Amino acid sequence: DQQVKQNSPSLSVQEGRISILNCDYTNSMFDYFLWYKKYPAEGPTFLISISSIKDKNEDGRFTVFLNKSAKHLSLHIVPSQPGDSAVYFCAARFHRAGSYQLTFGKGTKLSVIP
Amino acid sequence: KAGVTQTPRYLIKTRGQQVTLSCSPISGHRSVSWYQQTPGQGLQFLFEYFSETQRNKGNFPGRFSGRQFSNSRSEMNVSTLELGDSALYLCASKQVSGANVLTFGAGSRLTVL
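So the sequences go chain by chain: A and B. Each residue of the first sequence is one higher than the one before, starting from 10 at the first, in this note's numbering. Each residue of the second sequence is one higher than the one before, starting from 939 at the first, in this note's numbering.
In case anyone wonders, no lab produced these hints; they're calculated from the structure. This structure is a prediction, so every number in the text was calculated from the model and none was measured. Possibly wrong hints are sitting among the right ones.
[Claimed, not checked] Here are a few chain B residues that face chain A, going by a calculated C-beta distance under 10 Å:
| # | residue |
| --- | --- |
| 1 | Arg947 |
| 2 | Leu981 |
| 3 | Gln982 |
| 4 | Asn994 |
| 5 | Lys995 |
| 6 | Pro999 |
| 7 | Cys1029 |
| 8 | Gln1033 |
| 9 | Thr1041 |
| 10 | Phe1042 |
The beta carbon of each residue, even a glycine, is placed where N, CA and C say it ideally should be.
In isolation and in its complexed conformation, chain B is listed as follows (with noise of 0.2 Å):
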C-alpha cells in the first residue's frame, strides 16, 4: 500500500510569489490534513478536509487555502509569500474523519528568499 506522497519535495520561492503544494494520501483514506513545522513552534495545524470538504481550520492567514478533490486528493496553496512561510509542509491522511492515527507524508521543504 503506497503511502502518503507530497510533491514537490523542495522548492525554493521568492517574496510574494504563490506555491503550490500536493498531497495523495493513502488509498481509501479519505480525511487529509495539512501542518506546518518551523524549528521554533513544532508542527502548526493548517486545515482538514474530508470528503472535498473543509472540517477545520486552524489560526493561519487567508493566504493559506486548501482543496480537497474527489479522489481526495488535496492541494495547498500560499499567496503573497513571506519569509516566514519557510517551513515544512506536512500531509497527513487518516482513513475516517474520527480516527485517531494520523498517517504522514515526508513533507514539502519550502524555502522563501
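Chain A with its partners taken away, still in its complex shape (with noise of 0.2 Å):
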C-alpha cells in the first residue's frame, strides 16, 4: 500500500519557470515530511522539510508547502535551474516500533530545459 504518492512520473518545465512538484499521502499519522533529490550515480540528498504543524517553509529557491486537510505537499522550484534536473522524492515520517521511519514515493524526475 503506496502511503505517498506522486502521481506524475515526470516533469519538464523551462528555465527560470516555476517547477511545481506535488505529492499525496494517506496516512493522517504522518508528522514530518521532507524532499530529496538524486542525480544519477549518486544518493539521495536532503532538500527541504516541513512539519505538519505549519503550512508553508522557505530555503532560498525551494518552498514546500503542505495542506493538512487534503493531505497534499507541494515543492515549488522558482527560478529552475539546468541544475535542478533530477529525481526527486516525497518523504513522510511516522512513529513505530520505537522509531521513526521514512516512507519515500516513487519520485518524480524533472527536466529544466535550457
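Dock the two chains into a complex; use the hints.
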C-alpha cells in the first residue's frame, strides 16, 4: 500500500520558470515531511522539510507547502535552473516500534530545459 | 566529515547466488537504514539498525537480512538471488534514532543475471 504518492513520474519545465512537484499521502499519522533530490549515480540528498504543524517552509529558491486537510504537499522551485534536473522524492515520517521511519514516494523526474 | 560509504558500488551476480553489501555510516551516526530502489517502486524500506539491534523491518522476504557491528558499520545480505532483486541498494545513516534527516550513501548497484 503506497502511503505516499507522487502521481507524476516526470515533469519538464523551461529554465527560469516555476517547477511544482506534487505529493499526496494517505496516513494522517505522518508528522513530518521531507523532499530529497537524487542525481544519477548518487544517493538522494536532503533538500527541504516541513513539520505537520506548519503550512509553508521556504529555503532560497525552494518552498514546500503543506495542506493537511487535503493530505497534499508540493515543492515549488523558483526560478528553475538546469542543475535542478534530477529525481525528486517526497518522504513522510511516522513513528513505529520505538523509532521514526521515513516512507518515500516513487519519485518525479524533473527536467529543466535551458 | 566523511559521508556514508557503500561498497561495492557495482556488482553482477547470477540467480541463486548470495550477496553481501557493506555500509559505513557517518562518524557518530548510530542508526543505519537500508532501502531498495527500483524504477517502478521508488525507495522501499528494508530495515533499520540502531546500536546493533534491528529496530524496524520492511515488507521483504526473509532472504533479505542485515546486521550492525559495534562500530555502527552495517551489512546487508541477500540469499538465493532472484532476477527481481536487481536494484540500487541504498544505505542511510542518522545521528539518533529519532532524527528526521537521513544521509544517504551513493548506493550499491546489483544486477542479477
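Evaluation of the provided hints:
1. Arg947: Nearest chain A Cβ about 9 Å off; hint holds.
2. Leu981: Because about 4 Å separates Leu981/B from the closest Cβ in chain A, which is inside the 10 Å limit, the hint holds.
3. Gln982: holds, 8 Å
4. Asn994: Constraint on Asn994/B satisfied, holds at 5 Å.
5. Lys995: holds, 9 Å
6. Pro999: violated, 18 Å
7. Cys1029: With Cβ-Cβ at 8 Å, under 10 Å, it holds.
8. Gln1033: Violated, about 12 Å.
9. Thr1041: Holds. Min distance 7 Å.
10. Phe1042: The hint holds - Phe1042/B has a Cβ within 10 Å of chain A, the shortest such distance being about 3 Å.
In the structure shown, a violation is registered for the earlier hints numbered 6 and 8, in ascending order.
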